[in-house]
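Undergrad: Sequence:
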Amino acid sequence: MKQRGRHRRRRRGQALRATLAGTALALTAAATLISTSQATSSGSPGALTRLSSSSQTARFGLQEKLVAPGTLDTLTRRMGGNVGVAAVLDSADHSMRTEDGCAGSERAALPVEPAATRAYCWDGADATATQWLPRSVTTSGDAYADGTWGDRRVILAGWTHETPQAADDHRTGGPTRDEGLARVAFIDATDPHSLRYRHALLVVPEDGGKDFEAVRSGLGGMVWYQDKLIVTARNGTALLAFDLRRILETDVNSAAIGKVGGGYSADGYRYVLPAIGSYDLTGGTCTTGDDRSVPCFGSLSLDRTSAPDSLVATESATPGSSDRARVWRYPYSTATDRTGLLAAGFRGRVAADEVYVTKASEVSGVLSHTPSGSGETDWYVAQSPASDGKHGTLWRQTDNGADVATCTADQSHACWGLRTASLSYWQETGELWTLTGTAADDGASGRTLYAVPLSAVDSSLD
141 MKQRGRHRRR RRGQALRATL AGTALALTAA ATLISTSQAT SSGSPGALTR
191 LSSSSQTARF GLQEKLVAPG TLDTLTRRMG GNVGVAAVLD SADHSMRTED
241 GCAGSERAAL PVEPAATRAY CWDGADATAT QWLPRSVTTS GDAYADGTWG
291 DRRVILAGWT HETPQAADDH RTGGPTRDEG LARVAFIDAT DPHSLRYRHA
341 LLVVPEDGGK DFEAVRSGLG GMVWYQDKLI VTARNGTALL AFDLRRILET
391 DVNSAAIGKV GGGYSADGYR YVLPAIGSYD LTGGTCTTGD DRSVPCFGSL
441 SLDRTSAPDS LVATESATPG SSDRARVWRY PYSTATDRTG LLAAGFRGRV
491 AADEVYVTKA SEVSGVLSHT PSGSGETDWY VAQSPASDGK HGTLWRQTDN
541 GADVATCTAD QSHACWGLRT ASLSYWQETG ELWTLTGTAA DDGASGRTLY
591 AVPLSAVDSS LD
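Count along the sequence shown from 1, then add 140; that gives the number in my numbering.
No lab work stands behind these hints, which were simulated from the structure alone. Heads up, none of these hints are tricks.
Below, a list of computed lysine-lysine pairs in the DSSO-like style, where the Cα atoms sit at most 27 Å apart:
(1) Lys350 <-> Lys399
(2) Lys499 <-> Lys530
(3) Lys350 <-> Lys205
(4) Lys399 <-> Lys205
Please put together the full structure from these sequences, using the hints given.
TA: If you want it as structure tokens, here you go:
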């Protein structure tokens with residue numbers, strides 16, 4: 141599927157990059173007054189510290205557990221076969237508003253410096269429901285280097301129902317029916333001026349594939365690589381893997397989740413994405429706020445500049461704390477029969493490739509990237525204060541120091557988006573994507589999806 145039309149898509153991608161580059165230059169020119177803060181600045185996390193002893197890195201080990209192929213085949217057959225990403229996009233029932241159509245409170249959540257070159261706001265109930273919260277983002281730019289899935293450009297956003305359902309959720313049913321559910325918004329971004337999307341519910345196969353149950357967990361991070369989607373799960377104690385070739389359609393519209401009389405239902409969702417496996421931490425129970433213990437997963441991202449490509453993670457942050465965080469990576473498998481899965485060794489064990497400690501606290505997102513021709517990897521670490529109402533801070537750290545943009549207006553470092561989520565780098569376009577408005581006490585007033593050229597971020601730092 142990826143070979144047909146590759147040269148045509150490459151030309152289209154080159155044209156898009158040219159357009160985005162022009163926009164980025166215009167916005168970067170408007171932000172030339174940005175100053176920089178070096179590692180000696182107040183509040184700086186300073187240089188990263190690498191953990192190298194086996195006793196320290198062993199805490200990040202994973203155990204891969206794949207669902208039996210027969211179980212997946214049974215569920216797929218009983219539900220009428222895979223419908224594919226294109227079918228979900230073609231049935232999109234929500235539209236995103238461009239920045240011009242966003243409310244003032246939504247635009248206020250966007251970064252101060254550098255400015256977003258693309259920004260969108262959610263449609264209808266998704267913009268206002270305080271219980272359903274956007275937590276993570278990944279794109280077809282993560283999936284494949286040419287940035288497309290088939291002939292579509294796609295963005296995936298992870299949503300979690302954090303608290304018992306309330307009247308302002310615009311949903312019917314019992315008071316706790318949706319609590320803890322996890323869903324993914326499949327966004328058709330082929331036309332950057334008209335984004336449309338539809339939600340699919342995450343589920344786990346049961347009873348040998350004859351049934352399924354809902355995934356009830358936060359989605360603090362997720363990465364779409366090749367044909368697999370890996371997300372944080374079980375309150376940060378594990379990762380779940382999904383196959384984008386196994387999207388299934390329900391045939392009963394009811395509040396139930398799983399097998400019902402007459403077919404299958406998913407709480408009113410038309411599509412479900414069944415898990416194909418998990419990655420469980422092997423060091424024991426994870427703990428937040430203790431950088432000597434087994435870490436709980438926070439956010440995820442993809443690094444295409446490592447060899448091999450790798451899944452990057454940060455540990456879950458304790459709201460309002462000053463605890464420092466750890467960031468690390470797992471290599472992806474290069475085996476042709478394990479596309480999109482992590483590199484597992486003997487008996488399915490997965491080891492962390494690199495582990496660092498950052499003194500940054502309240503970390504909401506992390507991205508590692510090695511510029512072409514450079515031997516030094518940059519780690520972009522987003523800090524998002526949970527309760528003071530201030531914008532976040534985006535640091536660039538190495539093992540030599542840290543840099544950050546300073547807001548021209550007030551000389552603070554609070555220049556990034558308001559309460560941002562995970563980070564995702566779209567290599568083909570050079571864009572850094574994230575979400576804002578991820579806290580329940582925001583009143584859902586500042587919920588946006590936006591992109592900033594990574595070059596503009598670097599320009600604001602250098």
